[in-house]
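Number of protein chains: 2
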Amino acid sequence: MQFNKVLDDVKLYEAGKPIELVVREYGVDEKDIIKLASNENPYGTSPKVTKKIQDIAKNMFMYPDDSMFELKEALANKFNVQSSNIIVGSGSDQVIEFAIHAKCNKNSKLLMSNITFAMYEIYGKQTGATIIRTKDDEHNLEQFSKLYKEHKPDMVFLCLPNNPLGECLDTKDVYEFLEEVDKETLVVVDGAYQEYAAFKDEKKKIVVDELISKFPNVIYLGTFSKAYALGGMRVGYGIAKKQIIQNLYKLRAPFNITTLSLAAAIEALKDEEFVIKCIDENFKEMKRYEEFALDKGFSFIKSYTNFITLKLEDKFISSEVAQNLLQRGIIVRDLTSYGVNAIRITIGSNEQNTRVFKQLEEVLKNLK
Amino acid sequence: MQFNKVLDDVKLYEAGKPIELVVREYGVDEKDIIKLASNENPYGTSPKVTKKIQDIAKNMFMYPDDSMFELKEALANKFNVQSSNIIVGSGSDQVIEFAIHAKCNKNSKLLMSNITFAMYEIYGKQTGATIIRTKDDEHNLEQFSKLYKEHKPDMVFLCLPNNPLGECLDTKDVYEFLEEVDKETLVVVDGAYQEYAAFKDEKKKIVVDELISKFPNVIYLGTFSKAYALGGMRVGYGIAKKQIIQNLYKLRAPFNITTLSLAAAIEALKDEEFVIKCIDENFKEMKRYEEFALDKGFSFIKSYTNFITLKLEDKFISSEVAQNLLQRGIIVRDLTSYGVNAIRITIGSNEQNTRVFKQLEEVLKNLK
Chain A
1 MQFNKVLDDV
11 KLYEAGKPIE
21 LVVREYGVDE
31 KDIIKLASNE
41 NPYGTSPKVT
51 KKIQDIAKNM
61 FMYPDDSMFE
71 LKEALANKFN
81 VQSSNIIVGS
91 GSDQVIEFAI
101 HAKCNKNSKL
111 LMSNITFAMY
121 EIYGKQTGAT
131 IIRTKDDEHN
141 LEQFSKLYKE
151 HKPDMVFLCL
161 PNNPLGECLD
171 TKDVYEFLEE
181 VDKETLVVVD
191 GAYQEYAAFK
201 DEKKKIVVDE
211 LISKFPNVIY
221 LGTFSKAYAL
231 GGMRVGYGIA
241 KKQIIQNLYK
251 LRAPFNITTL
261 SLAAAIEALK
271 DEEFVIKCID
281 ENFKEMKRYE
291 EFALDKGFSF
301 IKSYTNFITL
311 KLEDKFISSE
321 VAQNLLQRGI
331 IVRDLTSYGV
341 NAIRITIGSN
351 EQNTRVFKQL
361 EEVLKNLK
Chain B
1 MQFNKVLDDV
11 KLYEAGKPIE
21 LVVREYGVDE
31 KDIIKLASNE
41 NPYGTSPKVT
51 KKIQDIAKNM
61 FMYPDDSMFE
71 LKEALANKFN
81 VQSSNIIVGS
91 GSDQVIEFAI
101 HAKCNKNSKL
111 LMSNITFAMY
121 EIYGKQTGAT
131 IIRTKDDEHN
141 LEQFSKLYKE
151 HKPDMVFLCL
161 PNNPLGECLD
171 TKDVYEFLEE
181 VDKETLVVVD
191 GAYQEYAAFK
201 DEKKKIVVDE
211 LISKFPNVIY
221 LGTFSKAYAL
231 GGMRVGYGIA
241 KKQIIQNLYK
251 LRAPFNITTL
261 SLAAAIEALK
271 DEEFVIKCID
281 ENFKEMKRYE
291 EFALDKGFSF
301 IKSYTNFITL
311 KLEDKFISSE
321 VAQNLLQRGI
331 IVRDLTSYGV
341 NAIRITIGSN
351 EQNTRVFKQL
361 EEVLKNLK
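Taken in order, these protein sequences are the chains called A and B. 1 is the number of the first residue of the first sequence in full-length UniProt numbering; add one for each residue after it. 1 is the number of the first residue of the second sequence in full-length UniProt numbering; add one for each residue after it.
Since the hints were made in silico from the structure, they are not lab data. Every value quoted in this text rests on a predicted model; they were computed, and no experiment measured them. One or more hints might be untrue.
No distinction is drawn between identical chains; accordingly, a pair holds when it is met within one copy or between any pair of copies.
[As the list claims (entries may be wrong)] Under the rule of at most 27 Å between Cα atoms (straight-line distance), these lysine-lysine pairs were calculated in the DSSO-like manner:
1. LYS270 / LYS31
2. LYS149 / LYS311
3. LYS58 / LYS270
4. LYS11 / LYS242
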């Protein structure tokens with residue numbers, strides 16, 4: 001059967017390997033597996049959120065509140081915007097999907113950094129749009145600016161901080177670039193890891209209400225999957241001018257967020273203390289990775305997130321390192337498919353990281 | 001900002017009003033509200049499923065198993081197909097979305113019954129496709145056949161049994177019609193309420209592996225939202241030949257089902273006893289609605305689902321009846337927007353239905 005031709009060119013996203021799969025495929029005992037491949041919060045879900053879900057689990061038979069009244073009010077309050085400025089997606093992923101599908105078609109162009117979140121391209125290809133990438137791996141605004149003028153793309157993607165590399169542009173530089181961009185171009189400012197960047201360095205912090213009031217063509221994305229520790233519950237959001245949100249809403253299916261996910265997100269917003277504690281721990285533990293890298297002679301990208309990207313230079317092959325770690329029950333992300341010889345490791349808990357260093361040390365010794 | 005022109009013509013789905021909204025807007029006490037507007041299972045979630053979710057709630061921070069290995073194995077086993085014949089969506093809704101977006105564009109035509117599930121049209125319009133409807137409200141295969149030959153649509157939708165009317169075609173008649181359909185036409189057989197129809201009348205039962213092996217151009221849809229009592233968890237599925245599934249997969253975002261939803265669906269499949277008990281109760285209670293309707297001189301559509309559609313003829317105006325019930329805390333679905341003067345009521349529990357009859361009786365008296 002024939003389907004739309006544009007699909008021929010669509011590649012599937014490669015998800016971090018789940019623990020169940022490593023148990024099945026490598027016969028490693030489940031309790032010995034450490035998954036540091038998907039930038040989940042290693043401190044687990046907030047106990048307050050877990051309690052809430054246990055209390056209301058029996059309500060699963062009821063459709064969710066499709067207006068998402070309570071969650072949108074809570075987000076509006078947090079970001080100092082109106083509910084009408086917000087759209088909630090099944091992960092911020094889904095808001096990216098809405099934005100691209102609402103704005104683009106096969107005549108469109110999308111501008112993004114050379115190495116950035118894979119879904120921008122995948123959703124773009126679904127519409128048949130052309131992908132334009134800067135030359136440098138990390139975000140380079142001069143290159144963005146030059147390519148913007150050359151191609152006049154319909155959408156621009158800034159991942160702040162950037163997944164999977166971890167770097168983050170300064171907000172003032174981003175503002176300067178945004179001044180140059182035509183108001184018909186939809187700019188996605190992807191803040192999936194913003195909580196980490198804002199904590200580490202004030203210069204990286206994005207003030208969302210300021211951003212969207214200065215730039216009516218920008219949509220800001222946030223997620224509950226990282227700092228808020230709800231990766232499994234699929235809740236993210238987009239914040240923009242009402243006119244943008246209304247158009248994205250036309251592609252939102254009813255009930256796109258589950259009853260329990262809505263409740264979990266609402267509860268998670270009430271426990272900011274937990275979030276701050278997790279982020280604080282994250283950067284303490286990250287120092288250990290930086291020291292490990294220096295010790296082994298790897299370079300690393302200064303990270304404003306909950307992961308670190310180790311460049312293996314010409315010393316090791318990243319796919320081999322990742323595969324060997326996998327056999328030892330440690331799941332990390334090999335970045336070969338992104339075109340770099342590097343591994344991305346989520347910063348785990350203190351105990352997890354100690355085990356990672358030990359295993360990685362042995363793997364490197366064996367591969368030498 | 002300009003978005004894709006096709007969106008101008010897209011209408012939003014009108015969800016059944018949630019209880020929270022009735023509390024907010026009408027000041028009715030939450031415990032006095034009966035929601036019979038979204039065909040949820042009035043017997044609640046299976047206690048075994050609730051227990052499972054409570055046990056694993058703390059795992060919410062982990063991304064779901066994107067391969068959905070366990071759920072797909074369980075479904076493959078239930079339907080006697082392979083995992084590769086299955087795609088899981090955030091409700092069967094999302095599988096409809098995948099199918100329409102994979103197959104259609106602005107040159108496409110979609111054939112469906114005059115009154116049927118609203119999302120077929122909404123997703124169709126998102127691609128700019130043209131909607132063709134039969135003349136009769138209920139499914140009429142002669143009309144389908146005639147319009148099929150006339151328009152050669154890219155997709156055909158058969159809702160078996162039909163939402164929001166409740167009628168159901170005989171499977172042998174469906175097979176006869178499918179014989180006439182070109183193998184390049186994708187036919188959606190929507191079995192969201194099949195468990196009810198198959199229980200009530202063997203002639204309505206669809207044997208899925210037989211269906212897709214006889215007709216390689218058919219995709220069968222099922223859901224956990226109705227008989228399996230997981231409306232809030234958003235899990236549905238499509239079953240078809242591998243080639244169709246592979247194309248739909250290109251539009252599936254990673255992690256489209258939450259960690260808890262996957263677990264709930266897997267557990268729900270283990271408790272078929274609960275499902276059968278709910279369906280049995282459903283049809284016992286439906287008899288009371290049929291008697292009520294006869295008593296009041298309304299006609300009703302013989303229903304193979306967990307709801308009943310009462311036609312108010314020229315006696316009452318459905319929007320008024322629904323609005324008056326709402327003020328009394330009883331939420332039903334007014335079908336005015338579908339072009340019929342009727343209300344659709346989900347068959348509630350015995351106690352709920354008794355209250356509905358009492359309130360409805362009073363409303364009708366007041367409106368006379």
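Looking back at the numbered hints, which does the structure fail to meet, lowest number first?
-> Hint 2 alone not satisfied by this model.
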